[in-house]
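*Asks:* Listed below, chain by chain, are the residues.
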Amino acid sequence: MFTPVPNPTTNPVAAKFGQQDLIRRSASSVTAPAKRQTEVAKLIDVSKCIGCKACQVACLEWNNLTEEVGVNVGVYDNPHDLTANTWTLMRYTEYENAESGNLEWLIRKDGCMHCEDPGCLKACPAPGAIVQYSNGIVDFDHDKCIGCGYCIKGCPFNIPRISQVDQKAYKCSLCSDRLAVGQGPACAKACPTQAIVFGTKDEMKQWADHRIKDLKSRGFKNAGLYDPPGVGGTHVMYVLQHADKPQIYAGLPNNPSISPLVEVWKGVTKYVGLAAIGAFAAFGFLHHAVAGANRVTAEDEKNAERLTEGRR
Amino acid sequence: MSKSEVDAGDGVHPGKPVIVDRYTAAARINHWITAISLVLLALSGLALFTPYLYFLTGLFGGGQLTRIIHPWIGVVLFLSFMGLFFRFFRLNLWERTDSVWMGRLRDVLANEENKLPEVGKYNAGQKMVFWSMSLFILVLITSGVVIWDQYFGNYFTIEQKRIAVLIHSVTAIVAICVWIVHVYAAIWVRGTIGAMTRGKVTGGWAWRHHRRWLKDLVTGKH
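Listed in order, the protein sequences are those of chains D and C.
Per the working numbering, the very first residue in the first sequence carries number 1; after that it's consecutive.
Per the working numbering, the very first residue in the second sequence carries number 1001; after that it's consecutive.
The shape of chain D in the complex, shown without the other chains (with noise of 0.2 Å):
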């Protein structure tokens, strides 16, 4: 078993990470605390999942949300998607596992995956309406938020969703409010299985390779870390039975990478825009010093009078 995060102590305590701690700001520069904290994550084995939902739940109660009652169309998935109030949702898939003739039912907690190269925060517009703190947790600020929805344009996972009610854009926290205390979040303290644990990057990997390693002895020969490079890795990580595979765990990305629209709308384009008008500008006040004004002439006048006189 797995230590899971003490409780913490009921006496007020001074936040672990705030403003100070911050290594990137939305659509603003920041100077990067000196010392990095230790990187946090959530790993999620996808192996012990029951698919209790017990999670999802968690979430709502501690964020104080409400899901809207839904529709059953004949599957687990409940509501069908990640929503404004539903920041994690367990998808469940069935697979069919040609090789040991095996029927898996694969339930994978979706949910923002808090990248270390977030592309949510690279899209985003609005000052400080994203942060990513120095621990890794990549947490949206709804007072700044403008309801753009860029940051879904940016997340390479489909994670953020804007709110129909104030037009603003929700995901998981990571439950940066009970990480700033010392408590783990909400999922995983409700998780019966120890399905989803918390802690240090470094302790989750420790504890994947143990997962691995035992699932490997059981027969799933791919069973690996999902840890996705194409974002620098990410601070919720998924222990998989099919590691080569993750895309049959409902879709989630192979190779996941922030699209190059997005880098191209965001990096070049910028740039190349902005000095694109001032040359513009610029051509017009020194065409205007070399040439001057393009002046009509009373000989011009004189011409028209000419031309029309033959009216009079």
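For the record, the hints were derived by calculation from the structure and aren't laboratory data.
One or more of the hints may lead you astray.
Stated by the list, open to error - Here are the simulated DSS-like cross-link-like pairs (lysine-lysine), alpha carbons at most 27 Å apart as the crow flies:
(1) C:K1003 - D:K16
(2) D:K205 - D:K144
(3) C:K1016 - D:K302
(4) C:K1115 - C:K1003
(5) C:K1221 - D:K302
(6) D:K16 - D:K144
(7) C:K1115 - C:K1200
(8) C:K1115 - C:K1215
(9) C:K1200 - D:K302
(10) D:K245 - D:K270
(11) C:K1003 - C:K1215
(12) D:K245 - D:K168
(13) D:K302 - D:K48
(14) D:K144 - C:K1016
(15) D:K270 - D:K35
Since the model is a prediction, treat every value here as computed from it, not as a measurement.
Following the hints, complete the assembly by docking chain C onto the known chain D.
*Replies:* This is chain C only, laid out in the frame that chain D set:
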């Protein structure tokens, strides 16, 4: 024989100086609605385009309101520009002399207009502004709808929105550059702005810059 360069509402009043009616009141109102919309769109769009200009959201009441209002101004611009398009497109059709004019851009920039072919109501530069703006505004409204998440978010995939937002921003930049050319030309060629404020230019201005138009007006060619 070439087509008449005269538009409905154009007229010539002999005198000293000669006064020429160039734009009707309706055309001018139509133009200024388009112009104001375009400036507001550029300001609100640039605010969301780059963090350096995010402060411009202050002009619109903050980030949320900028995000809300920008697409609606876009709708106004599109409808208003449609008006301008149908008003002006006939005399903006490209002609062979326009290519000659474009080929002598050096003379144009050097204010050597006597070396250029006689121009109708619009010169080749104005026609280029007209057609490029027509194309860009069509691209902008189309890509803009794709990224108007509040109302159309469910109709497009994320990948389509990524493509649309890139096309939208690049097209907007180019449109702003064309707009700079348009405004600069109006300032550089003195006597032009009166055409859009009072609707009138002097005969000398018409003789110098749009001689074929003036001649058609005087001869009453229709």
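*Asks:* It remains to establish, for every hint, whether it holds in the given structure.
*Replies:* Now the hints, each set against the structure:
1. C:K1003 - D:K16: 78 Å, violated
2. D:K205 - D:K144: 34 Å, violated
3. C:K1016 - D:K302: 9 Å, holds
4. C:K1115 - C:K1003: Status holds; Cα separation ~23 Å.
5. C:K1221 - D:K302: 22 Å, holds
6. D:K16 - D:K144: 23 Å, holds
7. C:K1115 - C:K1200: 26 Å, holds
8. C:K1115 - C:K1215: Holds. C:K1115 to C:K1215 sits at ~18 Å (cutoff 27 Å).
9. C:K1200 - D:K302: Holds, at roughly 18 Å.
10. D:K245 - D:K270: Distance ~37 Å between D:K245 and D:K270 Cα, so the pair is violated.
11. C:K1003 - C:K1215: Holds. C:K1003 to C:K1215 sits at ~12 Å (cutoff 27 Å).
12. D:K245 - D:K168: 34 Å, violated
13. D:K302 - D:K48: Given pair D:K302, D:K48 is violated - Cα atoms ~94 Å apart, limit 27 Å.
14. D:K144 - C:K1016: 61 Å, violated
15. D:K270 - D:K35: 31 Å, violated
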